[in-house]
Structures are given as C-alpha cells and as structure tokens.
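Just need the whole structure built from these sequences, with the hints factored in.
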Amino acid sequence: MWWKILLFLAMSAMIIASYITPMPQQQIGESSRIFYYHIPQAWICVLAFAMSMIYSIVYLKKHDISFDDRAADAARLGLVFCLLATSTGSLFAKITWGSYWNWDPRQTSVFILLLIYGAYFALRGAIPDQQRRAALSAVYSIFAFVTVPFLVFVLPRMIPSLHPADSVVDSDMKFTMGPMVRVIFFSSLALFTVLYLWMLNLSNRVSRQVRAREDLEF
Amino acid sequence: MDGIYVAMAVTLVVWIGLFLYLVRLDGKVKKLEEKNR
Chain U
-14 MWWKILLFLA MSAMIIASYI TPMPQQQIGE SSRIFYYHIP QAWICVLAFA MSMIYSIVYL
46 KKHDISFDDR AADAARLGLV FCLLATSTGS LFAKITWGSY WNWDPRQTSV FILLLIYGAY
106 FALRGAIPDQ QRRAALSAVY SIFAFVTVPF LVFVLPRMIP SLHPADSVVD SDMKFTMGPM
166 VRVIFFSSLA LFTVLYLWML NLSNRVSRQV RAREDLEF
Chain E
66 MDGIYVAMAV TLVVWIGLFL YLVRLDGKVK KLEEKNR
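In order, the protein sequence lines correspond to chains U and E. Per the numbering used here, the first sequence starts with residue -14, numbered consecutively. Per the numbering used here, the second sequence starts with residue 66, numbered consecutively.
Since the hints were derived computationally from the structure, they do not count as laboratory data. A few of these clues could be false.
[Claimed, not checked] Dumping the calculated DSBU-like pairs for lysine-lysine here, alpha-carbon to alpha-carbon at most 30 Å:
1) U/K(-11) / E/K100
2) U/K47 / E/K100
3) E/K95 / U/K79
4) E/K95 / U/K(-11)
5) E/K96 / U/K(-11)
6) E/K93 / U/K(-11)
A quick note: this is a predicted structure, and the numbers were derived from the prediction, not measured.
Printed below as a string of structure tokens:
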C-alpha cells in the first residue's frame, strides 16, 4: 500500500510543479507544458505494445492462454495511452497550429498505429475459438509491433513536420531541457510507467478472474 | 495566469478521480481473489 500513497503524492507534486514552474519552451508558450504529459503517454504506448509483443512470443512458445490474456491487456492499455497521446497532441496542435488535425506526418503515423491496433481487437473479436484466436492474435501482435518503431520514430523524421523535433534531445543527442524541466519530465516518465504497471497488473488480475469463471461454467 | 491554475485544478481532479477508481478496483479484485481461492 505504501507505494500507492507514494505514487499519489509524487504524481500530485509533479502535476503542481508542471504548472507553477517556468514554461519548458518559452518560444512555444504555456501550451508547451503539455509536453510533461504528452511524451510520457506516447512512451507508455510504445512500452505497452512492446510488452504485448513479448507476451505474444511467450504464448507461442508455451501455449499458456494466460499469456494471451496478458498480451491483450497490454495492447488494450497501449491503445488507451495512444488515444490519450493523440488527444493531448491534438490540443497542442489547436493552440499552436490553429487546427486540431492537420494530417501532419506525426499525426498520420499515430492514426495508422491506432488503426493497426484497432484491427488487433477486431481480429480477436472475430474468432470464437480460444486457442485459434490466441495463436492468430499473437502472430498479428508481433507483426504489428514491427511497425511501431517505424511509425513512431522513423517516418515522422523522414518527412518535414510541424511537430517539435528537439523537445528532449537535439541532433547531437544532448538534452535541450533546463535542469528543472528535466527533473519534472523524468519524474513524469517514471510515474506514468509505475501507473501503467499498476493498471496492467489490475487488468491481468481481472482477466484471470474472468478466465476462472469461464472455466467453471464449461 | 488564472487559466493555468484552472488547468492545474482540472488535471488534479482527473488524477485524484483515477487514483480513487484504481484503489477501489484493486480492493474489489482482492476480495474476488480471496473468495475464489
């Protein structure tokens, strides 16, 4: 329980600090504060999809259905964080570029990513047989993750974009943030990661209970 | 400047709401796990 109290206090302190300290990027203005939330959400999205792929590989090796549940739970949370990152990005786009959606390379690539993982759940919903669904979803999840580094890190850098490119590091891989911004940003990254792991753990435990009930019914 | 405080209050309310929901869900799942053990 102690770590939950610590998480609550630390996240609350991070939220307050993100609003009362000087803006991360003076040239962008107050809207640059969204950076403390948008980047951690995008990071969790990549982490969750990576974990979904790892659980899928383990499922294909062990044929243990609990790993299929874990893969689906991780992908579900990844999709939620991807939607959150897209929403906060859209909000930033409206304030900075004047419109919520511009079909900017970054927005287009995240839209494709949402479609890919949306299709993962459509696939899961379309196959009634449990083992077949697990096997096909596992293979799909592995192929889906192959596109993630390309869509998140490569494609947006290949085409000229309005999206700020050097929010964290510049082309020489040096931090572009001041010391205070760096502390708040990395705290936010760590706290969002702990929050995600807690949500994933809860989601896995709920899935286990649902699975146990289904097994009892059959 | 006031807008920043409004945004901070909204973010804190969302965070507190999410935290309480997760704590409640954690408790419910724990009860269910004990019942099914």
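Q. Are the Cα positions of U/K47 and E/K100 separated by 30 Å at most?
A. 29 Å, holds
Q: Sort out whether U/K79 lies within 30 Å of E/K95, counting only the CA atoms.
A: It is violated: about 43 Å lies between the C-alpha atoms, which goes past 30 Å.
Q | Given hint U/K(-11) paired with E/K93 - CA-CA distance at most 30 Å | A | Between E/K93 and U/K(-11) the Cα gap is close to 16 Å, so the pair holds against 30 Å.
(Q) Check the hint pairing E/K95 with U/K(-11) against an upper bound of 30 Å on the C-alpha distance. (A) 15 Å, holds
Q: Could you grab the alpha-carbon distance between E/K96 and U/K(-11) and see if it respects the 30 Å cut-off?
A: With Cα atoms ~18 Å apart, E/K96 and U/K(-11) stay inside 30 Å; holds.
Q) Are the Cα positions of U/K(-11) and E/K100 separated by 30 Å at most? A) 24 Å, holds
Comparing the model with each earlier hint shows a violation of hint 3 alone; every other hint is respected.
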